[in-house]
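Undergrad: Each chain is listed here by its residues.
Protein chains: 2
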Amino acid sequence: MTLSWLSLIVSFILSTASVSGQKLYAPALSLHREDVLRDPKHAVSVSITNDFKTFFFNQTLDHFNYRPESYTVFQQRYLINSNYWGGTNSSAPIFVFLGAESPIDGALTRVGFLTENAAQFEALLVYIEHRYYGESIPLGMSFEEALNDANIRGYFSSAQALADYATIIMHVKEERNASKSPVIVVGGSYGGMLASWFRLKYPHVALGALASSAPVLYFDDIIPQDAYFSVVTRDFKDASETCYQTIANSWSEIDRVAQEPNGSSILSKMFKTCQPLESGDELKNYLIYLYVRAAQYNDPPRYPVTVICNGIDEASATEDGILGKIFAGVVASNRSSTCYVNPPANLSQTALGWSWQRCSEMVMPIGITNNSMFQPGPFILSDFIDECNASFGVAPQPHWVTTYYGGHDIELILRRFGSNIIFSNGLQDPWSSAGVLKNISESVVAVYTEKGSHCLDIISGNQTDPDWLIMQRKTEVGIIKGWIAQYYSDLLAFKQ
Amino acid sequence: MTLSWLSLIVSFILSTASVSGQKLYAPALSLHREDVLRDPKHAVSVSITNDFKTFFFNQTLDHFNYRPESYTVFQQRYLINSNYWGGTNSSAPIFVFLGAESPIDGALTRVGFLTENAAQFEALLVYIEHRYYGESIPLGMSFEEALNDANIRGYFSSAQALADYATIIMHVKEERNASKSPVIVVGGSYGGMLASWFRLKYPHVALGALASSAPVLYFDDIIPQDAYFSVVTRDFKDASETCYQTIANSWSEIDRVAQEPNGSSILSKMFKTCQPLESGDELKNYLIYLYVRAAQYNDPPRYPVTVICNGIDEASATEDGILGKIFAGVVASNRSSTCYVNPPANLSQTALGWSWQRCSEMVMPIGITNNSMFQPGPFILSDFIDECNASFGVAPQPHWVTTYYGGHDIELILRRFGSNIIFSNGLQDPWSSAGVLKNISESVVAVYTEKGSHCLDIISGNQTDPDWLIMQRKTEVGIIKGWIAQYYSDLLAFKQ
Numbered sequence: 001m002t003l004s005w006l007s008l009i010v011s012f013i014l015s016t017a018s019v020s021g022q023k024l025y026a027p028a029l030s031l032h033r034e035d036v037l038r039d040p041k042h043a044v045s046v047s048i049t050n051d052f053k054t055f056f057f058n059q060t061l062d063h064f065n066y067r068p069e070s071y072t073v074f075q076q077r078y079l080i081n082s083n084y085w086g087g088t089n090s091s092a093p094i095f096v097f098l099g100a101e102s103p104i105d106g107a108l109t110r111v112g113f114l115t116e117n118a119a120q121f122e123a124l125l126v127y128i129e130h131r132y133y134g135e136s137i138p139l140g141m142s143f144e145e146a147l148n149d150a151n152i153r154g155y156f157s158s159a160q161a162l163a164d165y166a167t168i169i170m171h172v173k174e175e176r177n178a179s180k181s182p183v184i185v186v187g188g189s190y191g192g193m194l195a196s197w198f199r200l201k202y203p204h205v206a207l208g209a210l211a212s213s214a215p216v217l218y219f220d221d222i223i224p225q226d227a228y229f230s231v232v233t234r235d236f237k238d239a240s241e242t243c244y245q246t247i248a249n250s251w252s253e254i255d256r257v258a259q260e261p262n263g264s265s266i267l268s269k270m271f272k273t274c275q276p277l278e279s280g281d282e283l284k285n286y287l288i289y290l291y292v293r294a295a296q297y298n299d300p301p302r303y304p305v306t307v308i309c310n311g312i313d314e315a316s317a318t319e320d321g322i323l324g325k326i327f328a329g330v331v332a333s334n335r336s337s338t339c340y341v342n343p344p345a346n347l348s349q350t351a352l353g354w355s356w357q358r359c360s361e362m363v364m365p366i367g368i369t370n371n372s373m374f375q376p377g378p379f380i381l382s383d384f385i386d387e388c389n390a391s392f393g394v395a396p397q398p399h400w401v402t403t404y405y406g407g408h409d410i411e412l413i414l415r416r417f418g419s420n421i422i423f424s425n426g427l428q429d430p431w432s433s434a435g436v437l438k439n440i441s442e443s444v445v446a447v448y449t450e451k452g453s454h455c456l457d458i459i460s461g462n463q464t465d466p467d468w469l470i471m472q473r474k475t476e477v478g479i480i481k482g483w484i485a486q487y488y489s490d491l492l493a494f495k496q
Numbered sequence: 497m498t499l500s501w502l503s504l505i506v507s508f509i510l511s512t513a514s515v516s517g518q519k520l521y522a523p524a525l526s527l528h529r530e531d532v533l534r535d536p537k538h539a540v541s542v543s544i545t546n547d548f549k550t551f552f553f554n555q556t557l558d559h560f561n562y563r564p565e566s567y568t569v570f571q572q573r574y575l576i577n578s579n580y581w582g583g584t585n586s587s588a589p590i591f592v593f594l595g596a597e598s599p600i601d602g603a604l605t606r607v608g609f610l611t612e613n614a615a616q617f618e619a620l621l622v623y624i625e626h627r628y629y630g631e632s633i634p635l636g637m638s639f640e641e642a643l644n645d646a647n648i649r650g651y652f653s654s655a656q657a658l659a660d661y662a663t664i665i666m667h668v669k670e671e672r673n674a675s676k677s678p679v680i681v682v683g684g685s686y687g688g689m690l691a692s693w694f695r696l697k698y699p700h701v702a703l704g705a706l707a708s709s710a711p712v713l714y715f716d717d718i719i720p721q722d723a724y725f726s727v728v729t730r731d732f733k734d735a736s737e738t739c740y741q742t743i744a745n746s747w748s749e750i751d752r753v754a755q756e757p758n759g760s761s762i763l764s765k766m767f768k769t770c771q772p773l774e775s776g777d778e779l780k781n782y783l784i785y786l787y788v789r790a791a792q793y794n795d796p797p798r799y800p801v802t803v804i805c806n807g808i809d810e811a812s813a814t815e816d817g818i819l820g821k822i823f824a825g826v827v828a829s830n831r832s833s834t835c836y837v838n839p840p841a842n843l844s845q846t847a848l849g850w851s852w853q854r855c856s857e858m859v860m861p862i863g864i865t866n867n868s869m870f871q872p873g874p875f876i877l878s879d880f881i882d883e884c885n886a887s888f889g890v891a892p893q894p895h896w897v898t899t900y901y902g903g904h905d906i907e908l909i910l911r912r913f914g915s916n917i918i919f920s921n922g923l924q925d926p927w928s929s930a931g932v933l934k935n936i937s938e939s940v941v942a943v944y945t946e947k948g949s950h951c952l953d954i955i956s957g958n959q960t961d962p963d964w965l966i967m968q969r970k971t972e973v974g975i976i977k978g979w980i981a982q983y984y985s986d987l988l989a990f991k992q
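Chains as they are written, first to last, in my numbering: chain A, 1 to 496; chain B, 497 to 992.
Just chain A, same shape as in the assembly (with noise of 0.2 Å):
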């Protein structure tokens, strides 16, 4: 096995990041579904982005140094919706959505934790966008000329982001006289991350944290670098032990036909590429993603795994073979498509950003020994420092999360340190194997369900919606009730 293949496998996929000719991959830390696995009846109307207001901060390039370039400033976006805030007199909340590593403008409309409960809490709904993504990229660049310049991308860090939101929200705070309202921080996925370590690093201003499906844990050595593709097999053999096997078998049968000879064009055929496969690893490397993907987002009512299953299992052995129920669970997933194993398409922000921030501090030692419906591609760390210097320059600091925020002994550290966050997650959710899934004191708390998939219960509701998703949203709006009940009756206590 080369060692393009191993990375391949390893780190991995959602959009193929090509940075510097350099390939590298990693799955995707987004929330955000893709069309194609979304139920078309989740669409939400977007006139609810009539209801908010757009604003550019005057924000400092690098809080933490006093050089003269680090007085820099740049224009960073955030957006206002104050329809339902109960205003200064009452000391209503404040909802911040931390963004992350995608422009913010999706999270308007697909993150409905923030919207659908707006009212209850007569909240101001506060949405700021990640430094160098959408449209807060410093310098007046295009987040290209950000990315390639070895000097300007190097402050684009989660330490900067998150000394960002601390200076925004404190300015929001004081232009609308509202010193006094309790601030909860929403984020998901790497988003999740950010809003549980803006509660430990900000205690002043945010009272808590909805860390939605952030993998916290996966650094260092603190879990099995295997944990995310146990979980994609394991919600696969969950879904159907036969399609497992498939799934399993298939990869050997991949390589015995690739290296027939026209091996790559009998894959073509048999899987109806829309341009020919120069490979079997291409091949190889398109069903990882649609499995990955899959797993990840496995949402009801559709439940993207069990489609697959179900176009595998049901296939007619006799007709291909292995590949033969490979294939048709290739198209039960796509049933709207005329060919498949598209072309990557073109590097989104998400792709290239995510890339940067991997090879700078986001190092997650994601790969594959065993235990998996996969072939083994173990991560190797010397191999990913490599390759990040190839394409960066820049030598990945492994132990920087770690060192900064925390995450070893999590439950030792903080069941006497800290307080109100939730770590919500859903088990079918790969990232999950690296959430927080016990409760750690009495308000640093585990919230997750069975079912449910990544950052599921910060998505918009839905009509479909079952009962245990229902719930989960329910026990968080109840749990942050109750700190900010607690708050107001500290204030009160406080004041007298």
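One thing to keep in mind: the hints can contain errors.
[Stated by the list, open to error] In silico SDA-like links for lysine to any residue, alpha-carbon gap of 25 Å or less:
hint, chain 1, residue 1, chain 2, residue 2
1, A, K495, B, A942
2, B, K934, A, F494
3, B, K676, A, R416
4, B, K947, B, K991
5, A, K495, B, I718
6, A, K180, A, P224
[Stated by the list, open to error] If you want the ones that stay clear, here's a sample from chain B, every Cβ over 12 Å from chain A, calculated:
hint, residue
7, F551
8, S566
9, G602
10, G608
11, E631
12, S726
13, C770
14, L786
15, D809
16, E810
17, N830
18, R831
19, C835
20, L877
[What the hints assert, rightly or not] Chain B regions said to be covered by chain A (calculated; three or more residues, Cβ under 8 Å):
hint, segment
21, 555-564
22, 649-663
23, 691-701
24, 890-897
The hints are simulated quantities; they were obtained by calculation from the structure and are not laboratory data. Since this is a predicted model, take the numbers as computed values, not measurements. The C-beta atom is built at its ideal place from N, Cα and C for all residues, glycine as well.
With the hints as your guide, set chain B onto chain A.
TA: Then chain B, alone, in the frame of chain A:
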């Protein structure tokens, strides 16, 4: 009253710092008394330094960014005394002294809290030098070179210093197989602020903090700007009402004499100055410095405030009027001198370094408005900004400390967040006016004495120490023992 005179008084003095031709003054935040203020019996054997081994750590210049320059490393000094350590198997604790705005050397002999308690805790002792002081100056530069380079001095910040401490502590724990050893950080004055902030920002690195005389509330608008000088005034009033009155009346008398023909030379003769005075202001600055220093370091058994007041009160009034009395106070505090009102000594690293830290982020608005034995001199932020701009070409960031570390409503915020911090103070210390003097929660507590001075509790013990000081130290040790006992019990429970 001219602006320069105002700024002389308001910002104040320990060493007169002249940077780029602009004078900048600030009360010292150092825990180090000058020898003249110390009881000679207080001398600690320097053999204590033989127990320490010196190390240098390859420290990252910029922890928060990933610019090419960020990866530069420099040599940071730390020292370890392992004579008392219980070792890996016992998970014996590690006491870490966080260096502040001076070379670390002085702390080895003067800070007794760690060495005097090491045996009973079987603690490893680690003293870490603050970046840009002593031998921990980046890029092999001299202190002056680093401070004169606008780019390099830009990395001289408290957030970087805390991250330095975290990386060195984690390195020491790893090297000594001490991953389960609880860490207690100790610091005084600015170092005390760092200690409390370190526990808040890095709870996964330090189990608890002893923050001695840490004026964490002297930022933004948290406390009135005249808090510091109010306590100086109260100290003198408490020592002697007549002494206080004499001092209060002396300033206008100095002004009157100074305005006479040859006024400066009359004052020079009256005060037996080592060099002729250039102005009345020079004398006033010297006196303010003398009184402030006496109040801040009003240590037993001599109690410098009482010494000065006895000198003032016992002087024959008939001899030279008010100024004769004032001069008698000067003489009383400097018995070994043959002349007085010495010209400023060479600028210390502390004075220069702290000027930079104040002008960048440690903006403490210290002024004199009323209720003081001094002439008024309010802190005017715009003037301060102008001075800093003239000196360093940067605008101070007066809101950064409260943004990053908090401070407003500290009781409200920390009553349900954080744990294991002792804020210790002596109420005679003018800095105690900005200290935490109330228990905030069960384990974020205030331990203070009515008679204590600046950082007295962590200074080496002395045979003449009064009972209240011995008790304060015992209380602190008892609290830390409690934290460690609870930690060991948590550790056991956690393993099960």
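Undergrad: A separate judgement is required for each hint: does it hold in the structure or not?
TA: Checked hints:
| no. | hint | verdict |
| --- | --- | --- |
| 1 | K495/A with A942/B | holds, 20 Å |
| 2 | K934/B with F494/A | holds, 13 Å |
| 3 | K676/B with R416/A | holds, 16 Å |
| 4 | K947/B with K991/B | violated, 45 Å |
| 5 | K495/A with I718/B | holds, 15 Å |
| 6 | K180/A with P224/A | violated, 43 Å |
| 7 | F551 | holds, 19 Å |
| 8 | S566 | violated, 6 Å |
| 9 | G602 | holds, 26 Å |
| 10 | G608 | holds, 29 Å |
| 11 | E631 | holds, 22 Å |
| 12 | S726 | holds, 24 Å |
| 13 | C770 | holds, 38 Å |
| 14 | L786 | holds, 33 Å |
| 15 | D809 | holds, 44 Å |
| 16 | E810 | holds, 48 Å |
| 17 | N830 | holds, 38 Å |
| 18 | R831 | holds, 43 Å |
| 19 | C835 | holds, 41 Å |
| 20 | L877 | holds, 16 Å |
| 21 | 555-564 | holds (count 7) |
| 22 | 649-663 | holds (count 10) |
| 23 | 691-701 | holds (count 6) |
| 24 | 890-897 | holds (count 5) |
Hints 4, 6, 8 from the list above are not met by this structure, while the remaining hints are.
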